[in-house]
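Using the sequences provided together with the hints, build the complete structure.
For what it's worth, our numbering labels the leading residue of the sequence shown as 1017, then goes sequentially.
Careful: at least some of the hints might be erroneous.
[As the list claims (entries may be wrong)] Simulated crosslink set (DSS-like; lysine-lysine; CA at most 27 Å straight-line):
1. 1089 with 1120
2. 1110 with 1070
3. 1070 with 1090
4. 1110 with 1166
5. 1110 with 1120
6. 1110 with 1090
7. 1166 with 1090
8. 1110 with 1089
9. 1120 with 1070
10. 1089 with 1070
11. 1166 with 1070
12. 1090 with 1120
[Said to hold, decoys possible] Ranges between beta-carbon positions, derived for each pair:
13. 1058 with 1170: 21 to 29 Å
14. 1156 with 1051: 30 to 38 Å
15. 1114 with 1192: 37 to 45 Å
To be clear, the hints were calculated from the coordinates, so they are not data collected in a lab. Every residue, glycine too, gets a C-beta built ideally from N, C-alpha and C.
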Amino acid sequence: MRHVILYIAMSLDGYIADTEGGVAWLRGDGSDPENEGSYAAFYDSIDTVILGYKTYRQIATELSPDGWIYSDKKSYVLTHRNLASTEEITFTQKEPSELLSELKNNGGGNIWICGGAEIVNQLLESDQIDRYCISIIPTILGDGVPLFHKHSAEYKLQLLSTRRYDGIVDLVYERRIP
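Here's what the structure looks like:
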C-alpha cells in the first residue's frame, strides 16, 4: 500500500523558509558534515513527488536550474496556473486531496509531500498524511513561513523514531489511531 509521507525540514522555531522564502539556512551545525542523514534512504523509498508551484519554482530557478532534480520520480506540481506538463512534471489544478486519492488507488511506491506549507496544511486538514518526517535544523529564524497553520482540530501522532546528525534531529511520526 502506498503511504503519503511529509518529509520536510524546519527551523527550531517551526519555519520552513525565511521571510523572503529563502532556504539557505537549511544545513547542520558542521559538527558531522560527512553524515548524509536520512534523505538518501527516504528518497529511495518513494516514486512520486508532490509539491506546490512556489516550491517547484524555487527548485527550478534557484536550487537546481540546470535540470529537474527529481527526474527519476513522477512529479506533480499543484498550481492554479494553466501550464503544459512535461515528460518529467505533471502540472495539475486538482485539489491536493483529490490528486492523492487518485494516486493512492494506483499501484506504486510511497508518495512524498515535498512542500509547501499550503499543501501540507490542506492535506493535514483532510487527514491524508500517513507519516511525518520532520528534520529540525539547528537555527532559530524568528519569522518566516510556518510549517503548520492554526487548525481547529487536534492531530494525535505516535513517535516512531529519532535520529541526530550534524546538529540536525529527525523526528518520524505516524498518525495515532484512537
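Now the hints, each set against the structure:
no., hint, verdict
1, 1089 with 1120, "16 Å, holds"
2, 1110 with 1070, "16 Å, holds"
3, 1070 with 1090, "18 Å, holds"
4, 1110 with 1166, "24 Å, holds"
5, 1110 with 1120, "15 Å, holds"
6, 1110 with 1090, "16 Å, holds"
7, 1166 with 1090, "31 Å, violated"
8, 1110 with 1089, "19 Å, holds"
9, 1120 with 1070, "24 Å, holds"
10, 1089 with 1070, "19 Å, holds"
11, 1166 with 1070, "21 Å, holds"
12, 1090 with 1120, "14 Å, holds"
13, 1058 with 1170: 21 to 29 Å, "27 Å, holds"
14, 1156 with 1051: 30 to 38 Å, "22 Å, violated"
15, 1114 with 1192: 37 to 45 Å, "26 Å, violated"
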